[in-house]
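Q: Listed below are the residues making up each chain.
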Amino acid sequence: MSHGTGNIVALRPFPDAARLELDDAQLRANLRRATHTIRDKRLRVVGEVDDWEDLRRSGAAIKDDVLARLPELLEQFEESATRAGAVVHWARDAAEACDVVTRLVRETAAREVVKVKSMATQEIGLNEALAAVGIEATETDLAELIVQLAEDTPSHILVPAIHYNRSQIRDIFRSRMPGVAAGLTDDPPALAEAARTHLRAKFLSATVGVSGANFAIADTGTLVVVESEGNGRMCLTLPQTLISVVGIEKILPTFAELEVFLQLLPRSSTGERMNPYTSMWTGVTPGDGPQTTHVVLIDNGRTATLEDEVGRQALRCIRCSACLNVCPVYERVGGHAYGSVYPGPIGAILSPQMTGAGANKTLPYASTLCGACFDACPVRIDIPQVLVHLRQKGPKPAAERAAFRSLSWIMRDRRRYAAALRAARRGSAPLRGFGRLRRLPWPASAWTDSRDVPLPPKQTFREWWTKR
Amino acid sequence: MSDARTEILARVRAARPASAPPVPRDYRRDVPGIDVVEVLVDRLVDYRAGVHRATAASLADVLGGLLASSSTVVVPPGLPAPWIPGPVLRDSSDAPISVAALDEPGVTVVTGAAVAIAVTGTLILDAGPDQGRRVLSLVPDHHVCVVWTDQIAGGVPAALSRLPDPTRPLTLVSGPSATSDIELNRVEGVHGPRRLDVVIATR
Ligand code: SF4
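Listed in order, the protein sequences are those of chains A and B. In case it helps, UniProt numbering puts the first sequence at residues 1 to 468. In case it helps, UniProt numbering puts the second sequence at residues 1 to 203.
Calculated directly from the structure, the hints in this document are not laboratory data. In this text, all values refer to a predicted model and were calculated from it rather than measured experimentally. By construction, the Cβ of each residue, glycine as well, lies at the ideal position given by its N, Cα and C atoms. Fair warning: there could be bad hints in the mix.
Ranges between beta-carbon positions, derived for each pair [as the list claims (entries may be wrong)]:
no.: 1; chain 1: A; residue 1: Ala256; chain 2: B; residue 2: Ala95; range: 32 to 40 Å
no.: 2; chain 1: A; residue 1: Arg19; chain 2: B; residue 2: Ala14; range: 50 to 58 Å
no.: 3; chain 1: A; residue 1: Ala181; chain 2: B; residue 2: Asp165; range: 45 to 53 Å
no.: 4; chain 1: A; residue 1: Leu11; chain 2: B; residue 2: Ser92; range: 31 to 39 Å
no.: 5; chain 1: B; residue 1: Pro24; chain 2: A; residue 2: Asp40; range: 47 to 55 Å
no.: 6; chain 1: A; residue 1: Leu43; chain 2: B; residue 2: Leu163; range: 29 to 37 Å
no.: 7; chain 1: A; residue 1: Asp187; chain 2: B; residue 2: Ser92; range: 48 to 56 Å
no.: 8; chain 1: A; residue 1: Glu48; chain 2: B; residue 2: Gly65; range: 27 to 35 Å
no.: 9; chain 1: A; residue 1: Arg166; chain 2: B; residue 2: Ala101; range: 34 to 42 Å
no.: 10; chain 1: A; residue 1: Arg166; chain 2: B; residue 2: Ser161; range: 19 to 27 Å
According to the in silico footprint, chain A covers these stretches of chain B (three or more CB under 8 Å from chain A) [said to hold, decoys possible]:
no.: 11; stretch: 13-20
no.: 12; stretch: 91-100
no.: 13; stretch: 172-185
Turn these sequences into a full structure, and let the hints guide you.
A: What follows is the structure, given as structure tokens:
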């Protein structure tokens, strides 16, 4: 089976990278504040939906159905999109995908492209590939722009610049953004306005747009992009040519299935009832929007992931990032430690499957197995189950030892330990009726991998004592 | 070596699960027992859109008030002429308004909508005659959207099933353009219109 390449291969093992990030107190403070804010918002808006669990079950099942019918659905998507005027391309890995897009951009003779935030293009390293042939790609999502100007990489799926605070962003703009006012303050509206002015000229002159897609609909050939700022609408509407890079697992069978995912995604992701803008387009509409549209369907390790009976559920992921925001490990080490464009709990199971276990072999240990990610996931991916499965499959002892050392600080602090235990109880709540727990937080997981243990008590002795 | 398409499809065929269990459909198709107009107003106010009420008879007056400070009013080809008594710049397929003209300061665009979703505060535009090209509701600084009360659906499933043709270009608008990328502070008006006014009209 052929594995994926590109920016999903960690250059450093997780423990080494995590240790570096742990030294950065500013980073940890920024992360903590951000993840907790999104987490609370998400809980509030999810609480409004009384059929949430039904939606999650349907969402998971629709995606499983897609995985079982993927060849037929991909062919159907290709046919519908082609009939509507789009040109469909296929790419086996990151390099091939970059070649296809680079060729398409060159055919337009454009020297610049505007991009709407896309995990798929980050995954294949498209910006670097375009730069190599002298084509400048401008990220137009505010956070992506910050990261691009800083010559950094994103650290969160949804909020790529989550690791910067406002004064750091002001400094980046002042030193890196052409034409920025010298007196720029760190007031968020002033920073957003600076980005608006900087990008407006690019939007109005760009002839080629590059996007990803949140969903690709087989029966209609429609692509869907979910966003907030309107930069997506700009990239999808103003250029003459639009090139969309789409993972083969993004397929939904029918347009009607959006009724499930347009409820699950915004609430799980930004904690909003609906994101400000969603765009859907089908091929080409004469007189409205790009008159040449391309879709590049990429594999890049997805079929390798599909092969694994337990691990394939990772392909249900709709990239909402809810699992990142509830993860105690992500909160401390940040996205960069995972070394892949897919960080956090989902990254810990997706990256090693896409690349094969050799690369990223320490990632399945980057977790306490507390179960909070499963509870948060809108498509019910049992991330702890897949982590345990990958640990059993993968090269074990050395990676485990290394991860153990790096993560032991969680256990060294009583407060952290208490938090981990509380999280474990939350994670196990649905199992409570059974009286046993299938897994404990790491590192006890090494033991629960092969046997059941009693559930953690509802209260710790300390909690009980404090309440007396 | 075979081409990418053949090879990927062969890989997927070899790797996929044999079958998947049927999809449960226990979620709600509609939201019972809510006043869709009141809920829509509540959601619009929550994300700080301007909300205005009108009847067929008062619509022109209400729009007139909202357009008082605009230097130019842009409308799609099929927006009913009586809605706006003053001069308008009407977009058409023969003479499409340029992006540069839409980008001038003080431009307001007035559109209708195809459907609205009460519980999420969403307006769905499907490029119908009273909505026009996507660029019209994107580039001007101010968007005024007229929604008739009979166009409001309770929840997402009911709203999507009302769309006549999902292959038209669709834009779902839920509030003014916004970013939360700087310390998660919500900042409005990043790239889309900075101001969104919704007129909820009773026929
Ligand atoms: S794994 Fe689930 S929670 Fe995490 S990003 Fe994907 S869909 Fe969201």
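Q: Now look at each hint and say whether the structure bears it out.
A: Taking the hints in turn, this is what the structure says about them:
1. Taking 32 to 40 Å as the suggested C-beta distance range, the pair A/Ala256 and B/Ala95 conforms, at roughly 38 Å.
2. The given range of 50 to 58 Å is broken by A/Arg19 and B/Ala14, whose C-beta atoms sit roughly 40 Å from each other.
3. For the hinted restraint 45 to 53 Å between A/Ala181 and B/Asp165, the CB-CB distance of approximately 46 Å keeps it satisfied.
4. A beta carbon spacing of about 55 Å between A/Leu11 and B/Ser92 contradicts the range 31 to 39 Å that was offered as a hint.
5. For the pair B/Pro24 and A/Asp40, the beta carbons lie near 29 Å from each other, so the given range of 47 to 55 Å is not met.
6. Distance hint check for A/Leu43 and B/Leu163: the Cβ-Cβ separation is about 31 Å, which falls inside the suggested range of 29 to 37 Å.
7. In this structure the hint that A/Asp187 and B/Ser92 lie 48 to 56 Å apart at CB is violated, the actual value being about 42 Å.
8. Range check, A/Glu48 to B/Gly65: about 33 Å between beta-carbon atoms, so the 27 to 35 Å window is met.
9. Checking the proposed 34 to 42 Å range against A/Arg166 and B/Ala101 shows it holds: the Cβ atoms sit about 35 Å from each other.
10. The beta-carbon spacing between A/Arg166 and B/Ser161, approximately 43 Å, falls outside the hinted interval of 19 to 27 Å.
11. Counting residues of the stretch 13-20 of chain B whose CB lies closer than 8 Å to any CB of chain A gives 8, which reaches the minimum of 3, so the coverage claim holds.
12. Counting residues of the stretch 91-100 of chain B whose CB lies closer than 8 Å to any CB of chain A gives 4, which reaches the minimum of 3, so the coverage claim holds.
13. Counting residues of the stretch 172-185 of chain B whose beta carbon lies closer than 8 Å to any beta carbon of chain A gives 14, which reaches the threshold of three, so the coverage claim holds.
When held up to the earlier numbered hints, the structure conflicts with 2, 4, 5, 7, 10 and fits the remainder.
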